[in-house]
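Undergrad: Those letters in the sequence shown? Residues 67 to 285, per this note's numbering, in order.
Read the hints as simulated data drawn from the structure, not as lab findings.
Some hints could be false.
To be verified - Below 30 Å or equal to it, Euclidean Cα-Cα: the simulated BS3-like pairs (lysine-lysine) are:
| # | residue 1 | residue 2 |
| --- | --- | --- |
| 1 | Lys163 | Lys262 |
| 2 | Lys262 | Lys284 |
| 3 | Lys193 | Lys284 |
What the hints assert, rightly or not - Restraint-style ranges between C-beta atoms, simulated for each label pair:
| # | residue 1 | residue 2 | range |
| --- | --- | --- | --- |
| 4 | Arg225 | Val162 | 32 to 40 Å |
| 5 | Asp103 | Gln145 | 26 to 34 Å |
| 6 | Lys163 | Gly83 | 35 to 43 Å |
| 7 | Gly267 | Arg180 | 28 to 36 Å |
| 8 | Gly277 | Asp197 | 29 to 37 Å |
| 9 | Thr274 | Arg225 | 14 to 22 Å |
| 10 | Gly207 | Phe165 | 38 to 46 Å |
Glycine residues also receive a C-beta, built at the ideal position from the N, C-alpha and C atoms.
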Amino acid sequence: MVEDSIRLRDSLGRGLGASGFTVDTAANGIAACQHLDTYEYELVVLDLGLPGMDGLGVLRHIQGRASRPRVLVLSARDQISDRIDALNRGADDYLVKPFSFDELVARLHALARRSKDAQTPRLTVGKLSLDPVARMVHVQGEPLSLTPREFSLLELLLRHRGRAFSRGEILERLAGCESNASDRSVEVLVFGLRRKLEQAGMDELVQTRRGFGYLIPKA
67 MVEDSIRLRD SLGRGLGASG FTVDTAANGI AACQHLDTYE YELVVLDLGL
117 PGMDGLGVLR HIQGRASRPR VLVLSARDQI SDRIDALNRG ADDYLVKPFS
167 FDELVARLHA LARRSKDAQT PRLTVGKLSL DPVARMVHVQ GEPLSLTPRE
217 FSLLELLLRH RGRAFSRGEI LERLAGCESN ASDRSVEVLV FGLRRKLEQA
267 GMDELVQTRR GFGYLIPKA
């Protein structure tokens, strides 16, 4: 999320985090580009009136990338010409301030679904099936109740079967690069996910490679 207002940036970060999103924030366009060059993001909430490099500069920076994130512009600029300019430069959606937080969340979920529709619609291993669009997991047709973080961890390991992720990498992917979470929180997360999988009959799905991290082995 790229927003120069400290108050709005902090409140939106907390609200989106509580809604199940993993959120990193930037206060200006240059910091945003550094984040986007370093980490992979699915969605960007982008203000236009930023100090230094503005929001249109950020759009130019990522335009043409093969794996660019979906961008929702969140701006006080309410002229039709502003919307057309942003959309022509690569924005996927445009929401004018002041705005409804619930509408923002709904639009972000819609953009996420649009992004994931281009990917594998379902991830399966054995009798387990994960639907990234509906954010549902089933084992032998029965729903498996997971927390948002447990779901994100399972999706990460399923998308990269055979690759071991260290606790630090999991923290970065699931908690955000600015998180103060500890390695211990990853151990607790993995323990909780494993327990639920075992109760559903998926024993030893998530494995540990000593010195490397956690993974779901390839078939």
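Undergrad: For each hint, tell me whether it holds in the structure or not.
TA: Checked hints:
no., hint, in the structure
1, Lys163 - Lys262, "42 Å, violated"
2, Lys262 - Lys284, "21 Å, holds"
3, Lys193 - Lys284, "15 Å, holds"
4, Arg225 - Val162: 32 to 40 Å, "35 Å, holds"
5, Asp103 - Gln145: 26 to 34 Å, "31 Å, holds"
6, Lys163 - Gly83: 35 to 43 Å, "20 Å, violated"
7, Gly267 - Arg180: 28 to 36 Å, "34 Å, holds"
8, Gly277 - Asp197: 29 to 37 Å, "33 Å, holds"
9, Thr274 - Arg225: 14 to 22 Å, "19 Å, holds"
10, Gly207 - Phe165: 38 to 46 Å, "40 Å, holds"
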